[in-house]
Amino acid sequence: MSNIKISQLPVKGANLAAADLLEVSEFTGTGYVSKSITGQEIIDAASGGGVDWGDITGTLSSQTDLQTALDAKQDDLVSGTNIKTINGSSVLGSGDLVVGGGMRKYVNTTLQTASITPGETLVGSYLIPSNTFVSNGSFEFLIKAGVSSGSSSLQAKLYINTSSTLTGATLIATSTNNLGAYFNFVRNAILSSNVISLLGSTFQTNIDYINGGYSQSTVAFDVTANRYFLVSFTPSQPTTAEIRGVKFVQYES
Amino acid sequence: MNHNITTTENGFNFQDESYTFSTTQLFDENENIIESTSIISTESVLIATDKGVIYLDLSCTIKDVEYTDINLFVEALTNF
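One line per chain: the protein sequences are A and B, in this order. Sequential numbering of the first sequence, starting at 1, is according to our numbering. Sequential numbering of the second sequence, starting at 1001, is according to our numbering.
For the record, the hints were derived by calculation from the structure and aren't laboratory data. One should not assume that every hint holds.
Capping the alpha-carbon separation at 25 Å, the derived lysine to any residue pairs in SDA-like fashion look like this [said to hold, decoys possible]:
1) B:K1051 x A:L142
2) B:K1051 x A:V223
3) B:K1063 x A:T162
4) B:K1051 x A:S25
5) B:K1063 x A:T165
6) B:K1051 x A:Q155
7) A:K5 x A:S25
8) B:K1051 x A:K5
No experiment lies behind these values; they were computed from the predicted model shown.
Just chain B, same shape as in the assembly (with noise of 0.2 Å):
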């Protein structure tokens, strides 16, 4: 089942609800602070939002748009 993903200036809609960036809730095993971003696989990556960090895949679209490349779905995520 395909999920559309709809971005606003800083963060995103997803299945009725807002998620707002954030890199409060991203750290790696250091503890530093990451961006707001970590892509976990070729096809999946965990984004930190203000809801808590969200996994999303290549199974979502984004403005209607399927993606084969995650780094392009990370583009096409973060830049409104």
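Just chain A, with the same shape it has in the complex (with noise of 0.2 Å):
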């Protein structure tokens, strides 16, 4: 075969493909052997190598998979546009947003049911957890209950004590003898520093939405601490009586 130039060879016209053969001079540290190499060779040699960050070149839409996973990312935050505001205040950033002015509760709707005798008797207990309330604030209580049974008069009051039990409890209110049916016995409060200031807690009412010139009683409320309310009733006859449920809503100052 005459000698020819490379440039004289047919154009492969396609990739390196794995079976295809190179000629290549190695160097042996004194001169040149000439060996063979297959494209497969030259393909796993070249594969090893990556890329630096940077120096992709490209369309990025192109990577459609990345593209994708770009796509799915919400966008950024930005306050009162896709995220909303809280009373106006933006809460992006780090740190504790305070929201104060709230209320805060605790409602029992269980029914309580119980045959009482003439004699105060413990009809509900219900424990308020530390932390439910905060020191400060104004102070609704409700509490709906009735003789379901019987016409005997009912009066209930409502107490607070550091166990469910009566002994060793501090008197909140007493409303009247109620004479039949159902009453809702409610007092409104104030609790500053963790004492309530409301009505007497012996003048006789269910409501206290009564004009001014009657006694007032101080009692504490440690509302870190868990707390019992506790509901007693005392009938003139025995009777069943029961509460059909408890509110006690405090409005944060």
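Hints given; two lone chains; assemble the complex.
Below, the structure written as structure tokens:
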């Protein structure tokens, strides 16, 4: 075969294939030895190298899996645009956002029924876990109660204690002697530095929306500790009475 | 569970609290100040104190003495 130039060889017209053979001159240290190398060996040697970040060329959207993942990401949060504000304040950024002026509550709608005789009987015991309320604010107490059978009168009292017993409990409020049916037993109070101020605890009335000139009671209520609100009944004769539910609501100051 | 009460010159000690008798928190239905105690049953009494109106009953002992009569209980409580 006569000598020809490389430029005179037929054009392959395709990418390097695994079985292709190329001639290579291997340096031995003192000279060169002609050897063959397969296309696969060249491909393997080339594929181990990475591309430095920043050196990737081409169009990002052409890398469809990357583009899809990016498209699935949420846009930057912009206060008032794609994230709401609270009372006009942005919630973006680090740290604590104190939200004041709210309402706290304890509501129990479990029906409490008891067969009771004259004398005072504890009928409802409601555990208020520590920090359910805060030490300052206004308070509303509502107890819905009544005689479910019989014609007895019924007086309710509301107490607070550190345990679920009347013994040692502090009286908060006293209802009227109610004749038959149901009644709402309501008190409005101010809680200031863990002390409740409200209508005199022995003053007998269901609702305390009354004119002034009446006594006031102050009762300790440490909101940082567990406390029980206790509801007792005193009937005039044996009867079945019930508490249909209680609601204790605080509006924070 | 029995709770023991110890009396003081003008009050009593109960469950790690000291109470002083007071008439300012105990009123009848006509808003008249009544005595510092109000017996509400044969076994229980309301006591007006500086810490509010406290419910006590015969499950309590006074200076480790048990009582079965609420009047004697109140007398022992209020007579130091």
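We went through each hint and held it up to the structure:
no. : hint             : result
1   : B:K1051 x A:L142 : holds, 23 Å
2   : B:K1051 x A:V223 : holds, 16 Å
3   : B:K1063 x A:T162 : holds, 22 Å
4   : B:K1051 x A:S25  : violated, 105 Å
5   : B:K1063 x A:T165 : holds, 21 Å
6   : B:K1051 x A:Q155 : holds, 23 Å
7   : A:K5 x A:S25     : holds, 17 Å
8   : B:K1051 x A:K5   : violated, 114 Å
Consistency note: the structure conflicts with the earlier hints numbered 4, 8.
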